[in-house]
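Novice: Work out the full structure: start from the sequences and follow the hints.
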Amino acid sequence: DAGVTQSPTHLIKTRGQQVTLRCSPISGHKSVSWYQQVLGQGPQFIFQYYEKEERGRGNFPDRFSARQFPNYSSELNVNALLLGDSALYLCASSWETGTIYGYTFGSGTRLTVV
Amino acid sequence: RKEVEQDPGPFNVPEGATVAFNCTYSNSASQSFFWYRQDCRKEPKLLMSVYSSGNEDGRFTAQLNRASQYISLLIRDSKLSDSATYLCVVSTNQAGTALIFGKGTTLSVSS
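Protein sequence lines correspond, in order, to chains A and B.
Using our numbering, the first residue of the first sequence is number 1, and each one after it goes up by one.
Using our numbering, the first residue of the second sequence is number 1, and each one after it goes up by one.
To be clear, the hints were calculated from the coordinates, so they are not data collected in a lab.
Heads up, a few of these hints could be off.
[To be verified] Computed footprint of chain B on chain A; a stretch qualifies when at least three of its residues, placed anywhere within it, have a C-beta under 8 Å from a C-beta of chain B:
#1 13–26
#2 37–45
#3 103–110
Heads up, the beta-carbon is just placed ideally off N, CA and C, and yes, glycines get one too.
Specialist: Now the structure itself:
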């Protein structure tokens, strides 16, 4: 079975541009969460979606938005990119919204803003 | 106070050594506890969950002290392949809440 898949793997954008990152969860998983990992830091929670509805949001500005599709895949959008948005963006999927079993992460999208 | 605090290291140890990492968390409502391993420029991977009674997986032993809000990871007989960053992770396990990660502790095992 395929794990969590993310695309693209790498991306270079210019300040002020917009970016869309994509995630396909493990088959059967209905919950998708997004995390941002800046170099030297642990991952930080951005969003959680379950059954196409937002179930949780971290402390990120409104420039960050996401959605989940009927097939449970998800997109993360970031508008008006800043240099500080350069990071590894990780997607994780799980059966449900709780975290009791931990999450399986995709290999991430490395975004560089120049 | 940060939600999850870890000594960033690096810990530089020879092969065969025993090394211990510690972690403290601030939210007393935390219910789930994990250690993740992250190799350079890769995604974090679940190493083990941590239970109140303590648990062991081969050379790895994790302990949880809820009263002190303290988690530990012991690695015995270190291998070169253990070189990585070890992330301490906690969660309240409520719907819609997140895994809260520490900054990670870097381990370098040398021959």
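Novice: Apply the coverage criterion to the stretch 103–110 of chain A and chain B: a residue qualifies when its Cβ sits closer than 8 Å to a Cβ of the chain, and three qualifying residues are needed.
Specialist: holds (count 7)
Novice: So is the stretch 37–45 of chain A in contact with chain B by the C-beta rule, three or more residues under 8 Å, or is the coverage claim wrong?
Specialist: The restraint on the stretch 37–45 of chain A holds, since 6 of its residues have a Cβ under 8 Å from chain B and three suffice.
Novice: Three residues or more, CB to CB closer than 8 Å: is that satisfied between the stretch 13–26 of chain A and chain B?
Specialist: Since three or more residues must qualify, the claim that chain B covers the stretch 13–26 of chain A is violated, with 0 doing so at under 8 Å.
Violated hint for the displayed structure: number 1, the only one.
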